[in-house]
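Q: Below are the chains, spelled out letter by letter.
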Amino acid sequence: MLPMMTIDGIPVEINGERNMLELIRKAGIELPTFCYVSDLSIHGACRMCLVENERGGLEAACSEPPRPGAKILTNTRRLRKYRKNILELILANHNRDCTVCANNNKCRLQDLAIRFNIDKIRYKNTSLMPIIDDSSACVTVDRSKCILCGDCVRVCEEVQGIGAIDFAERGSRMVISTAFGVPLAKSPCVGCGQCSAVCPTGAIVVKNSIEAAWSDIDDPNVETSVQIAPAVRVALGTQLGLNNGTSSMGLIVAALRRMGFDKVYDTSLAADLTVIEESQEFLEHVGSDSKLPLFTSCCPAWIKFCENNYPELMNKVSTCKSPMQMFASVIKASSANSKKRHVHIAIMPCTAKKLEAKRGEFTVDSVPMVDHVLTSQELIQMIKESGIIFDQLEPEAVDSPYGVVTGAGVIFGVTGGVTEAVLRALSDDHSGMVIKQLAQVGERGMEGIKEFEIKYKNRPVRVGVVSGLANARKLINSVLSGEKVFDLIEVMACPGGCVAGAGQPVADLNVKIARSKGLYTEDKLSAIKTSGDNPLIDGLYQGVLKGRVHELLHVSYGGAHQRLHHSSDQSLELSHENDHGANGQGGNGQSENDHAERNPPTPIHDAI
Amino acid sequence: MPQVDLSLVDGIIDGHLGHPSAVITILQEIQEQYRYLPREVFPRISAKVGLSEAKVYSVATFYENFSLEPKGRVIIKVCDGTACHVRRSLPILSRLQKELNLTDGKVTTEDLLFTVETVACLGACGLAPVLTVSGQAHPAMTPDKAADLIKAIRETELKTAAALASEHSALRSNDPSTNAVGN
Numbered sequence: 001m002l003p004m005m006t007i008d009g010i011p012v013e014i015n016g017e018r019n020m021l022e023l024i025r026k027a028g029i030e031l032p033t034f035c036y037v038s039d040l041s042i043h044g045a046c047r048m049c050l051v052e053n054e055r056g057g058l059e060a061a062c063s064e065p066p067r068p069g070a071k072i073l074t075n076t077r078r079l080r081k082y083r084k085n086i087l088e089l090i091l092a093n094h095n096r097d098c099t100v101c102a103n104n105n106k107c108r109l110q111d112l113a114i115r116f117n118i119d120k121i122r123y124k125n126t127s128l129m130p131i132i133d134d135s136s137a138c139v140t141v142d143r144s145k146c147i148l149c150g151d152c153v154r155v156c157e158e159v160q161g162i163g164a165i166d167f168a169e170r171g172s173r174m175v176i177s178t179a180f181g182v183p184l185a186k187s188p189c190v191g192c193g194q195c196s197a198v199c200p201t202g203a204i205v206v207k208n209s210i211e212a213a214w215s216d217i218d219d220p221n222v223e224t225s226v227q228i229a230p231a232v233r234v235a236l237g238t239q240l241g242l243n244n245g246t247s248s249m250g251l252i253v254a255a256l257r258r259m260g261f262d263k264v265y266d267t268s269l270a271a272d273l274t275v276i277e278e279s280q281e282f283l284e285h286v287g288s289d290s291k292l293p294l295f296t297s298c299c300p301a302w303i304k305f306c307e308n309n310y311p312e313l314m315n316k317v318s319t320c321k322s323p324m325q326m327f328a329s330v331i332k333a334s335s336a337n338s339k340k341r342h343v344h345i346a347i348m349p350c351t352a353k354k355l356e357a358k359r360g361e362f363t364v365d366s367v368p369m370v371d372h373v374l375t376s377q378e379l380i381q382m383i384k385e386s387g388i389i390f391d392q393l394e395p396e397a398v399d400s401p402y403g404v405v406t407g408a409g410v411i412f413g414v415t416g417g418v419t420e421a422v423l424r425a426l427s428d429d430h431s432g433m434v435i436k437q438l439a440q441v442g443e444r445g446m447e448g449i450k451e452f453e454i455k456y457k458n459r460p461v462r463v464g465v466v467s468g469l470a471n472a473r474k475l476i477n478s479v480l481s482g483e484k485v486f487d488l489i490e491v492m493a494c495p496g497g498c499v500a501g502a503g504q505p506v507a508d509l510n511v512k513i514a515r516s517k518g519l520y521t522e523d524k525l526s527a528i529k530t531s532g533d534n535p536l537i538d539g540l541y542q543g544v545l546k547g548r549v550h551e552l553l554h555v556s557y558g559g560a561h562q563r564l565h566h567s568s569d570q571s572l573e574l575s576h577e578n579d580h581g582a583n584g585q586g587g588n589g590q591s592e593n594d595h596a597e598r599n600p601p602t603p604i605h606d607a608i
Numbered sequence: 609m610p611q612v613d614l615s616l617v618d619g620i621i622d623g624h625l626g627h628p629s630a631v632i633t634i635l636q637e638i639q640e641q642y643r644y645l646p647r648e649v650f651p652r653i654s655a656k657v658g659l660s661e662a663k664v665y666s667v668a669t670f671y672e673n674f675s676l677e678p679k680g681r682v683i684i685k686v687c688d689g690t691a692c693h694v695r696r697s698l699p700i701l702s703r704l705q706k707e708l709n710l711t712d713g714k715v716t717t718e719d720l721l722f723t724v725e726t727v728a729c730l731g732a733c734g735l736a737p738v739l740t741v742s743g744q745a746h747p748a749m750t751p752d753k754a755a756d757l758i759k760a761i762r763e764t765e766l767k768t769a770a771a772l773a774s775e776h777s778a779l780r781s782n783d784p785s786t787n788a789v790g791n
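In order, the protein sequences belong to chains V and Y.
Terminal number for the first sequence in this note's numbering: 608, no gaps in between.
Terminal number for the second sequence in this note's numbering: 791, no gaps in between.
In short, the hints are calculated from the structure, not lab data.
Honestly, I wouldn't trust all of these hints.
[To be verified] Pairs of lysine to aspartate or glutamate residues, derived as DMTMM-like cross-links and limited to a Cα-Cα distance of at most 20 Å, are as follows:
1) 656(Y) <-> 158(V)
2) 340(V) <-> 385(V)
3) 714(Y) <-> 169(V)
4) 679(Y) <-> 169(V)
5) 186(V) <-> 648(Y)
6) 656(Y) <-> 169(V)
Please construct the entire structure, taking both the sequences and the accompanying hints into account.
A: Structure representation (structure tokens):
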């Protein structure tokens, strides 16, 4: 029989719970907390989870292991009084501009203030003016709303292995700060936004591009196109009256059309291009072991992380642009002759995409290829603002000529998805049986580090799939030390992949799993499972991509674009190439020699 | 400002095997060398010890003992523990600040000669009110005695500086550009 604890007079079995808080929540009591996040280390600072033991002593339930035989109370007059007082003290030191706060209605402090019926605050407010760090392209920090729970510090350090921010100073002067208080944009921050996902208040919120998007939608001289990333379709869930993880792609398309977007596309098509280019690149690398492992390049936070921490590995990162940037290049190139100004908007699960869109490599004449990046949360906001009753819409299909996507492109949104899509592309047998087998090799699941080996042309291919940058650091260090050898490494910055991106509505593990199931279901339902089988691909390579594969689909990180402009020879070549592109004549001979023309890869004649 | 010799920093960190738990000791030893923690050492500590720069900064700003600003050659610590406080240590502090044109926020003189700070207790309550000058205790202080003390220190410093300068100019007596006084 399992040991028992008595909680509010009810006996509860202790079954591996790490602390009393977990046990109390298992018993169906929603104990309030600010600084407890189950994936992070225990901080024990907020004291909201205090419970009373049989001797009248107070214990923080988050920091105490369950004790067999112990009797605790969670809801006494004294505890209610203390919790209210803690809330009052926090609120006295909190900028309470709730109605105009980006986190209004999503705020744990607000929730608990309501729950504990805080109707007056006896202390003078000492935090009236915002203290803003607006430097990051991804998040906005307002110190006047920080309650010093430290969740952001721990997620940055423990989950992402970065530590861009920490507590600084002490006592009443304590703040969350970068080293020497430099602006976030100048810190090692990679823009993953996980800090904003765990922040219980509006102290760290995702940067908002809603107004910029509306003004382009409203402008009659602007033609707007929009792409929707794979992970977005399964994340609108409960906030718009759907079940968690239900794919609502058709409804999103309908909503975006109603909102006034001219063209609506699915990023998954560009994911197919990524798969084709990346598997080709992988085969080239397999020829020379010095180039291995090949790292995936879809995740912009990972790119930044690699640049910051392992610059020497950047030559092993795939030269493929991310699907978002590939799609933007293709769309901007095809609409080069359009009479109206073309504005391209991307709806992403991701905050780091906002930074990616602003990178020099993806900007031409100081105009970014992706004009605005909106997160899923911003999309929800815009749908609500439009007054559209989302779950009553009739689903619609995306616009041609980019209307067909494959299951491979859709599963990009979950950790292991890129790998699975590449494995499908490498296999010449695309039968249902093989596709099913390829789902079982070890790339699926929410674990942070997955390693497996698969036979390809009688050669073992060792694959690593990581999500969470601290896991990436672990894996890379084991590669650098020679302890482990890989041929292909997929890295996604957010634990679980894009379904858990910081641009998505905040989700716990169960919701993340529901979202990934939603993507796998979409894959199952799709008629075409392998990127190379997408009937649009041929047309793209023969059309807009002809002679421009390298220019439109690949990138050299590290200011290559700027270098081209400084070197006169190459800048001539570049402008030359651009001229041809604008006239719709394809690239010149020079560039075709340089960037060997790529057709969709012919299937490899040896089953995996 | 002293040039930051990072090899010195490396030596200190290596002396503790670059262990993260030794970060406080490492910071103390670096501060002993420079009398403060130069900003340049933080990335180095971070890289060698394996803690983020923000974490090292967090430790350095948590403890009152660490200074991120260059400190003076003479450090005066005015005790403001209970015993000294009740025997009127604060007027001593105010007088020192007034004489040296310092405030609670600005603790070091422009010429980097004096730093004046308070400490919670020096453990010499029988001597209250007490202050230390570069580690040496001065018992039963009054504001006037404190003012005399800094006057004396300044005179000694000037004399030493002049002596050093004349020695310097004697060595280079052929160099007309050498100015003996006021270096």
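Q: Next, verify each hint and record whether it holds.
A: Hints and how they fare:
{"no.": "1", "hint": "656(Y) <-> 158(V)", "verdict": "holds, 19 Å"}
{"no.": "2", "hint": "340(V) <-> 385(V)", "verdict": "violated, 26 Å"}
{"no.": "3", "hint": "714(Y) <-> 169(V)", "verdict": "holds, 17 Å"}
{"no.": "4", "hint": "679(Y) <-> 169(V)", "verdict": "holds, 19 Å"}
{"no.": "5", "hint": "186(V) <-> 648(Y)", "verdict": "holds, 16 Å"}
{"no.": "6", "hint": "656(Y) <-> 169(V)", "verdict": "violated, 23 Å"}
Of the numbered hints stated above, those contradicted by the structure are hints 2 and 6, listed in ascending order.
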